[in-house]
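2 protein chains.
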Amino acid sequence: MVVEVISVGTELLLGNIVNTNAQYLAGQCAQLGLSMYHQTTIGDNESRLSEALTQALDRSDVVILTGGLGPTEDDLTKETCAKVMGLKLVEDAHTKQRIEEYFKNNIYSCITDNNWKQASVPEGALVLDNDNGTAPGLIIEKEGKHVILLPGPPMELIPLFSKQVVPYLKKLQPEVIRSQMVKICGKGESLVETQIRDLIDAQTNPTIATYAKTGEVHLRITARAGSEDEAKALIKPVVKEIKNRFGDDVYTVKEEETLEMAVVRLLQKYDLTVTTAESCTGGLLSGRIINVPGASEVFKEGFVTYSNKAKRKTLDVSKSTLKKYGAVSAQTAKEMATGGVFATDADTCIAVTGLAGPEGEEEKPVGLVYIACYMKDKVKVEEYHFKGNREKIREQSVVKALDLLRRSILANYKD
Amino acid sequence: MVVEVISVGTELLLGNIVNTNAQYLAGQCAQLGLSMYHQTTIGDNESRLSEALTQALDRSDVVILTGGLGPTEDDLTKETCAKVMGLKLVEDAHTKQRIEEYFKNNIYSCITDNNWKQASVPEGALVLDNDNGTAPGLIIEKEGKHVILLPGPPMELIPLFSKQVVPYLKKLQPEVIRSQMVKICGKGESLVETQIRDLIDAQTNPTIATYAKTGEVHLRITARAGSEDEAKALIKPVVKEIKNRFGDDVYTVKEEETLEMAVVRLLQKYDLTVTTAESCTGGLLSGRIINVPGASEVFKEGFVTYSNKAKRKTLDVSKSTLKKYGAVSAQTAKEMATGGVFATDADTCIAVTGLAGPEGEEEKPVGLVYIACYMKDKVKVEEYHFKGNREKIREQSVVKALDLLRRSILANYKD
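Keeping their order, the protein sequence lines are chains A and B. Under this note's numbering, the first residue of the first sequence is numbered 22, with each subsequent residue one higher. Under this note's numbering, the first residue of the second sequence is numbered 22, with each subsequent residue one higher.
Any given hint could be a false lead.
All copies of an identical chain are treated as equivalent in the list; a pair is satisfied when it fits inside any one copy or across any two copies.
[Said to hold, decoys possible] Cut-off 30 Å, straight-line C-alpha distance, at most; resulting in silico cross-link-like pairs (DSSO-like, lysine-lysine):
1) LYS138 x LYS344
2) LYS125 x LYS385
3) LYS275 x LYS109
4) LYS138 x LYS234
5) LYS117 x LYS208
6) LYS340 x LYS138
7) LYS125 x LYS408
Simulated from the structure, these hints should not be mistaken for laboratory data.
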């Protein structure tokens with residue numbers, strides 16, 4: 022089964038945005054066992070899109086088009102596909118109603134005539150409800166070919182694809198491909214690879230692929246087999262071996278579980294509450310924790326103490342510590358973590374203070390970050406020297422803070 | 022002058038990496054005034070690459086190929102290009118010498134036989150020295166067409182392109198292209214388009230393109246002209262007209278200025294400090310403000326008050342308000358904003374409370390968010406009904422909060 026992707030959007034040809042959709046779809050299709058040989062990017066131009074689609078239909082079984090489903094005149098993906106495939110556009114009553122509801126609930130926007138354009142679909146098309154926007158996804162089948170149209174914004178495309186297109190594609194593909202994720206935190210990619218070099222060298226089925234993320238390494242173990250059970254049986258011993266080798270560095274084996282989810286799960290498991298005391302990360306750490314459904318059980322309150330005054334007043338960091346060691350120091354991090362616990366009665370507090378740049382201080386370079394975790398009357402502090410810009414330094418700090426909290430819980434509470 | 026990009030690499034088709042090269046090259050070519058209508062991604066496969074290149078040479082003047090110039094057997098971009106263009110490969114003595122030197126200076130690698138493959142070039146090709154790797158860039162000219170081969174790693178491609186390919190392309194392209202951004206917040210894409218429908222319909226030079234972002238719409242006005250000054254003169258009246266029509270909805274006309282940067286700039290301008298009181302956004306609002314260089318002048322402290330107890334204790338929200346109206350209410354938002362100012366002595370406080378899901382409350386649906394801004398002894402509260410998942414609701418809340426703060430400053434301080 023051969024699939025290809027056509028990304029539609031003049032903004033891609035102008036370099037205004039990076040095509041993350043193509044990567045996402047390519048990765049997903051590879052996991053499904055589909056072969057991809059071509060990706061094409063085209064502007065919002067009817068004749069060139071028409072040419073590209075005709076060529077794609079000639080050489081591939083499934084063509085996924087992204088973008089150009091908006092309400093404006095230059096959005097013409099749907100119209101062009103219908104024309105190339107010889108289908109009329111008809112109004113879809115269900116989609117029309119969904120658009121009405123969408124605008125009813127969105128007081129800031131008002132419905133304009135061109136919004137109704139999104140309610141027309143090629144006749145016979147499968148309509149995929151879009152919960153995050155007004156353009157529905159569409160699947161058109163004709164003469165053994167499958168054309169899938171998805172909206173361009175990743176926040177709309179990803180849920181549509183994972184919930185509605187994946188099950189559709191699975192049915193087209195007889196071979197079963199299953200994969201299992203092992204997520205590792207606290208080790209670099211080359212170190213991880215070195216530790217499983219023998220497994221990678223010996224791989225045929227299942228295969229092991231490594232992906233480097235900020236502060237994390239993900240391993241995907243993928244098996245092809247005649248049945249689901251067979252595939253699972255192939256994967257199981259490899260995952261077991263990897264878990265043995267990495268121990269607590271593995272924070273999850275669940276595809277959808279993020280580091281913050283694993284942390285919230287552990288806090289829930291041991292009935293702990295956490296607070297955050299952030300300086301350079303400025304609320305990004307609490308933001309990630311709170312993004313986990315159910316976080317309200319374990320997270321009640323957090324502090325962003327950016328100025329020295331706020332650190333003193335809110336977290337009771339002593340004046341002499343700030344004077345002697347400075348705001349970016351192990352001592353300040355330690356007092357912030359302690360102060361956070363005492364200010365909120367939480368069981369644990371994770372504190373971050375550092376220099377995210379653009380300017381460093383005398384003897385303290387940009388990227389110097391201290392992370393402290395208060396737990397069971399003790400504080401553990403770690404010092405990091407991160408590379409990269411302001412955003413990148415913060416992102417790495419948040420990952421290390423979550424990981425320190427995770428490891429502290431395991432060290433103190435795991436039997 | 023029409024240019025297109027062919028990205029070569031099976032890792033792109035498997036979704037292992039995102040194609041940032043295509044974005045970089047597209048942006049650079051747009052700035053140079055070259056027209057790009059196609060981008061193609063192909064695996065390391067001779068017949069498909071050969072087909073793609075033949076098609077590209079047929080429809081474009083310049084074809085830029087990236088990737089597949091490495092020393093291993095599956096790297097075949099150069100070989101395939103030479104074949105398609107009917108050119109022999111010959112050894113380039115200068116490149117051979119550079120490869121020898123590279124390995125002499127690189128204690129971690131040792132030279133292997135296949136490295137010499139990188140010293141062979143299509144006869145007559147212009148060789149572009151690569152200071153960051155062993156694969157040189159190549160420019161092949163034949164029958165009025167220009168084929169440019171660049172190594173895949175961005176660390177090698179970007180310096181090669183900017184230092185050696187840009188001057189080459191400038192000579193081919195006499196015309197100048199300049200563009201100007203206008204960023205709008207608080208209006209949906211279709212509403213914005215309706216308001217400038219006449220300008221869009223009349224556009225030839227400059228052109229107007231609209232881009233929808235979360236809670237924002239960006240307009241790019243692009244002109245082609247014989248000189249920089251001429252291009253600027255074409256753009257100026259259009260930008261002026263758009264600013265007239267949208268007034269304070271326009272938050273910036275600077276390409277690189279984000280909404281949070283515009284907010285921090287206004288706070289600095291009027292010498293104001295801000296604090297944040299966040300419930301459902303959990304620190305993401307303060308995180309965005311703090312990500313702006315110089316934010317420490319205007320932001321000293323923020324609060325993440327997720328539980329009712331934290332709202333009461335830290336922000337002095339009254340027990341009776343929480344009981345009578347609930348945590349997600351205009352009244353609570355108002356008291357949070359007021360409490361934030363009194364807790365910190367800041368000039369203004371922006372407060373957010375809402376239901377980001379996954380579960381709503383009785384009579385309060387997921388997506389219901391109240392945003393309040395305390396300024397000059399008054400509090401303005403807004404009610405929103407956002408769509409989407411937890412993350413999307415938060416993201417929209419943060420944008421609306423930043424925009425409410427921005428508009429409040431303008432309303433209270435702008436002459």
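To see whether the hints hold, each was checked on the structure:
1. Taking the shortest alpha-carbon separations for LYS138 and LYS344, neither the intra-copy value of 64 Å nor the inter-copy value of 46 Å comes in at or below 30 Å.
2. Taking CA atoms no more than 30 Å apart as the test, LYS125 paired with LYS385 passes between copies only; the shortest distance there is 16 Å, against 53 Å inside one copy.
3. For the identical chains of this complex, LYS275 and LYS109 are neighbours neither inside a copy (44 Å) nor across copies (43 Å), given an alpha-carbon limit of 30 Å.
4. Only between protomers do LYS138 and LYS234 lie at most 30 Å apart by alpha-carbon distance; the minimum there is 20 Å, versus 40 Å within a single protomer.
5. Proximity of LYS117 to LYS208 under the C-alpha cut-off of 30 Å is restricted to the inter-copy arrangement: shortest distance 22 Å between copies versus 50 Å within a copy.
6. When the C-alpha separation of LYS340 and LYS138 is checked against a cutoff of 30 Å, the pair qualifies neither within a copy, at 63 Å, nor between copies, at 49 Å.
7. Within a single copy, LYS125 and LYS408 get their C-alpha atoms only as close as 47 Å, which misses the 30 Å cut-off; across copies the closest is 11 Å, which meets it.
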